[in-house]
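Using the sequences and the hints, build the whole thing.
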Amino acid sequence: MSDRYPSFEEIKDVDRKLTEMRKLYYYRHDLFSIQWWFLLVLLIVPWIIWWKMVDKSRLKDILLYGFAITIVIVLLDDIGSELGLWSYPHQVFRLIPRLSPIDYSVLPVIHMLIYQYFRSWKSFVVANVILALGAAFIAEPFFVWIDIYDMDHWKSIYSFPLYIAKACFVKWSLEFMLSKANRSQQKPAN
Numbered sequence: 001m002s003d004r005y006p007s008f009e010e011i012k013d014v015d016r017k018l019t020e021m022r023k024l025y026y027y028r029h030d031l032f033s034i035q036w037w038f039l040l041v042l043l044i045v046p047w048i049i050w051w052k053m054v055d056k057s058r059l060k061d062i063l064l065y066g067f068a069i070t071i072v073i074v075l076l077d078d079i080g081s082e083l084g085l086w087s088y089p090h091q092v093f094r095l096i097p098r099l100s101p102i103d104y105s106v107l108p109v110i111h112m113l114i115y116q117y118f119r120s121w122k123s124f125v126v127a128n129v130i131l132a133l134g135a136a137f138i139a140e141p142f143f144v145w146i147d148i149y150d151m152d153h154w155k156s157i158y159s160f161p162l163y164i165a166k167a168c169f170v171k172w173s174l175e176f177m178l179s180k181a182n183r184s185q186q187k188p189a190n
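So the sequence shown is numbered by my numbering: it starts at 1 and just counts up by one.
Derived by calculation from the structure, the hints in this document are not laboratory data.
It is possible that some hints are incorrect.
Under the rule of at most 27 Å between Cα atoms (straight-line distance), these lysine-lysine pairs were calculated in the DSSO-like manner [said to hold, decoys possible]:
#1 Lys122 - Lys56
#2 Lys180 - Lys60
#3 Lys52 - Lys122
#4 Lys187 - Lys122
#5 Lys12 - Lys23
#6 Lys180 - Lys56
#7 Lys166 - Lys155
#8 Lys155 - Lys60
#9 Lys180 - Lys12
#10 Lys180 - Lys166
#11 Lys52 - Lys166
#12 Lys166 - Lys122
#13 Lys17 - Lys60
#14 Lys56 - Lys166
Right, here's the structure in full:
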């Protein structure tokens, strides 16, 4: 190993090789595997359930919460993956190196339903603690067991507070912004 730092061209070359390796792996190990079908179902079914359960009269607020929580989920997933804390041996989509069904479907749908049904802060926090317990200590180990998730330098106990914190942060941020918007709309025009 050389003491010199890699050039950007060297990084791009390794990145191109890695992209080619991921493509070959995807077509050889992922596409149409049992894990691939399972992930595909997890990508589609939660949205069907959500559409049947969502309060259509509050659709705008619930979707706003859902988009915000999805951004946070994807950001945290990207950071954890980039830091080598976890990885995903199987993908639904070759070009998206994250657990898309969980990031874009399962977690956002569950979070939106919690946001819809548990409006007070106390019930919202309790519901998210229950979600965090299930996600961190049941779902994550199950995904490891079925070879969809690798905890490279991560433990479920680390996930537990993150599930709660991200939901509370997004709810607080959304409520803060909506209250500011409502106050500005109520001010009389000069």
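Verification of the supplied hints:
Distance hint between Lys122 and Lys56 is fulfilled; the C-alpha atoms sit about 24 Å from each other, no more than 27 Å. For the hint pairing Lys180 with Lys60, the CA-to-CA distance comes to about 17 Å; that is within 27 Å, so the pair holds. A threshold of 27 Å between alpha carbons decides the hint, and for Lys52 with Lys122 the separation of about 26 Å falls inside it, so the pair holds. Of the pairs offered as hints, the one joining Lys187 and Lys122 is violated, with about 31 Å between alpha carbons and a cut-off of 27 Å exceeded.
The suggested pairing of Lys12 with Lys23 holds, with an alpha-carbon distance near 16 Å, which does not exceed 27 Å. With a C-alpha separation of about 24 Å, the suggested pairing of Lys180 with Lys56 holds against the 27 Å cut-off. Restraint check: the Cα-Cα separation between Lys166 and Lys155 comes to about 18 Å, which is no more than 27 Å; the hinted pair holds. Pair hint Lys155 plus Lys60 does not hold up; C-alpha atoms about 36 Å apart against a cutoff of 27 Å.
With a C-alpha separation of about 45 Å, the suggested pairing of Lys180 with Lys12 is violated against the 27 Å cut-off. With a C-alpha separation of about 21 Å, the suggested pair Lys180 and Lys166 falls inside the 27 Å cut-off, and the hint holds. Between Lys52 and Lys166, the direct Cα distance comes to roughly 25 Å. Compliance with the 27 Å bound is thereby established for this hinted pair. At roughly 16 Å between alpha-carbon atoms, Lys166 and Lys122 fall within 27 Å of each other, so this suggested pair holds.
Restraint check: the Cα-Cα separation between Lys17 and Lys60 comes to about 43 Å, which exceeds 27 Å; the hinted pair is violated. Proposed proximity of Lys56 and Lys166 is supported: the alpha carbons are some 24 Å apart, at most 27 Å.
Going through the hint list in order, the structure does not satisfy hints 4, 8, 9, 13.
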